[in-house]
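Q: Each residue of the sequence shown is one higher than the one before, starting from 1 at the first, in full-length UniProt numbering.
Think of the hints as simulated: they come from the structure by calculation, not from any bench.
Ideal Cβ positions, reconstructed from N, Cα and C, are used throughout, including at glycine.
Certain hints may be false.
Unchecked claim - DSS-like cross-link-like pairs, simulated, lysine-lysine; straight-line CA separation at most 27 Å:
{"id": "1", "residue 1": "K294", "residue 2": "K330"}
{"id": "2", "residue 1": "K100", "residue 2": "K46"}
{"id": "3", "residue 1": "K40", "residue 2": "K100"}
What the hints assert, rightly or not - Quick list of the computed label-pair ranges, beta carbon to beta carbon:
{"id": "4", "residue 1": "G68", "residue 2": "L327", "range": "22 to 30 Å"}
{"id": "5", "residue 1": "G127", "residue 2": "G187", "range": "53 to 61 Å"}
{"id": "6", "residue 1": "P164", "residue 2": "L230", "range": "23 to 31 Å"}
{"id": "7", "residue 1": "P141", "residue 2": "E50", "range": "29 to 37 Å"}
{"id": "8", "residue 1": "R38", "residue 2": "P246", "range": "56 to 64 Å"}
{"id": "9", "residue 1": "V113", "residue 2": "V332", "range": "34 to 42 Å"}
{"id": "10", "residue 1": "K294", "residue 2": "E45", "range": "22 to 30 Å"}
{"id": "11", "residue 1": "G20", "residue 2": "G68", "range": "35 to 43 Å"}
{"id": "12", "residue 1": "L219", "residue 2": "P164", "range": "47 to 55 Å"}
{"id": "13", "residue 1": "R126", "residue 2": "T11", "range": "20 to 28 Å"}
{"id": "14", "residue 1": "L230", "residue 2": "R126", "range": "32 to 40 Å"}
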Amino acid sequence: MPSPARSRPPTLDEVAERAGVSRTVVSRVVNNGPHVSRAKREAVEKAVLELGYTPNRAARALVTQQTGAVVLAVSGDGPEVFGDPFFAQIIVGASAALEKTDLHLVLSLATPVHGRQRLKAFLQTRGADGVMLVAMRGDDPLIDIAEQSGLPTVFVGLPMRGTPPFYVDVDNAGGSRTATEHLLRDGRRRIAMITGPEDTAVGRERRRGYAEALLLAGLEPYAVVPGDFLEDGGAGAMRTLLSTHPDLDAVVAANDNMAAGALRVLRESGRTVPGDVAVVGFDDLPVAVHTDPKLTTVHQPVQALGRESARMLVDLLDGSRPESFILPTKLVVRESA
Numbered sequence: 001m002p003s004p005a006r007s008r009p010p011t012l013d014e015v016a017e018r019a020g021v022s023r024t025v026v027s028r029v030v031n032n033g034p035h036v037s038r039a040k041r042e043a044v045e046k047a048v049l050e051l052g053y054t055p056n057r058a059a060r061a062l063v064t065q066q067t068g069a070v071v072l073a074v075s076g077d078g079p080e081v082f083g084d085p086f087f088a089q090i091i092v093g094a095s096a097a098l099e100k101t102d103l104h105l106v107l108s109l110a111t112p113v114h115g116r117q118r119l120k121a122f123l124q125t126r127g128a129d130g131v132m133l134v135a136m137r138g139d140d141p142l143i144d145i146a147e148q149s150g151l152p153t154v155f156v157g158l159p160m161r162g163t164p165p166f167y168v169d170v171d172n173a174g175g176s177r178t179a180t181e182h183l184l185r186d187g188r189r190r191i192a193m194i195t196g197p198e199d200t201a202v203g204r205e206r207r208r209g210y211a212e213a214l215l216l217a218g219l220e221p222y223a224v225v226p227g228d229f230l231e232d233g234g235a236g237a238m239r240t241l242l243s244t245h246p247d248l249d250a251v252v253a254a255n256d257n258m259a260a261g262a263l264r265v266l267r268e269s270g271r272t273v274p275g276d277v278a279v280v281g282f283d284d285l286p287v288a289v290h291t292d293p294k295l296t297t298v299h300q301p302v303q304a305l306g307r308e309s310a311r312m313l314v315d316l317l318d319g320s321r322p323e324s325f326i327l328p329t330k331l332v333v334r335e336s337a
């Protein structure tokens, strides 16, 4: 039975003390988060019932001056960025994590001029309680904007420079290394790479994994051409590779969109896949099963990336200090390699 009426509602710390666990564990239980043992979950649920604790942000906002909104800010040049399946999956994951809270998700496209100004004004006027930053490039001004706001901030993927205190990322280097090793085991030796943008951490890390796999095999990187994560960019990079290295026998593309563009150009040039040239992508988004042939690719848990980032932000808003972590990747073998 709930405890007798009191002058104020019970706090998260009181629930944690009653359950004999940390406030981080309590936060994860009430927000339906992962990584909590059955025993601890049951102890928290019992304490919640006994104390009559209600994780109602709307009510707490009257006291704490919280707005009940968090921002998912994407660094991009135009609204078409939200049409990219990668970002769509991030949004799905973040929305799922916030579904059982009273927090609203606000999407912000921080275009180079007006978008950044709008976001800066929104955060400075405390229009939100916290921020998730996605797709940071180089010395992205969004990083300073979020820092100056003083709001809790979670990075969805590491930035190019420095390591922020709170982030969720995937094993980009390890995934790219696995893709390259798969091609090496298949007997490929003239393996080229179409990288991501050079001013992104994800582009840098996936290129590093490719180079490490070749180094361990006693080989040098065969040919590297920068890309832009777009299908047309992958097609252009593939044309460059065919003109400069016509004897290549495999390509690692830093994402599925560019791999799809590479497959199109290889087909147009009369090359067979995987007979003449094997192709591996990265992401395992829906495009991977709609290419011809179907794409061998590195699966990264994109929805989980958005979901765990949102859960981390919820923990921060509840006063906890969650630990940052890296999500695993795995190779999905189909027809292209």
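Q: With reference to the structure, classify each hint as holding or not holding.
A: Hints versus structure:
1. K294 x K330: holds (17 Å)
2. K100 x K46: The hint holds at about 19 Å.
3. K40 x K100: Holds - the C-alpha atoms of K100 and K40 are around 20 Å apart, at most 27 Å.
4. G68 x L327: 22 to 30 Å: holds (28 Å)
5. G127 x G187: 53 to 61 Å: Between G127 and G187, where Cβ atoms are some 57 Å apart, the hint holds.
6. P164 x L230: 23 to 31 Å: For L230 against P164, whose Cβ atoms are near 27 Å apart, the range 23 to 31 Å holds.
7. P141 x E50: 29 to 37 Å: The hint (29 to 37 Å, Cβ to Cβ) is violated, given that P141 and E50 are roughly 48 Å apart.
8. R38 x P246: 56 to 64 Å: With a Cβ separation near 59 Å, R38 and P246 satisfy 56 to 64 Å, so the hint holds.
9. V113 x V332: 34 to 42 Å: Hint holds: Cβ distance 40 Å, inside 34 to 42 Å.
10. K294 x E45: 22 to 30 Å: violated (45 Å)
11. G20 x G68: 35 to 43 Å: violated (30 Å)
12. L219 x P164: 47 to 55 Å: Cβ of L219 to Cβ of P164: about 35 Å, so the range 47 to 55 Å is violated.
13. R126 x T11: 20 to 28 Å: holds (23 Å)
14. L230 x R126: 32 to 40 Å: holds (36 Å)
Comparing the model with each numbered hint stated earlier shows that hints 7, 10, 11 and 12 do not hold.
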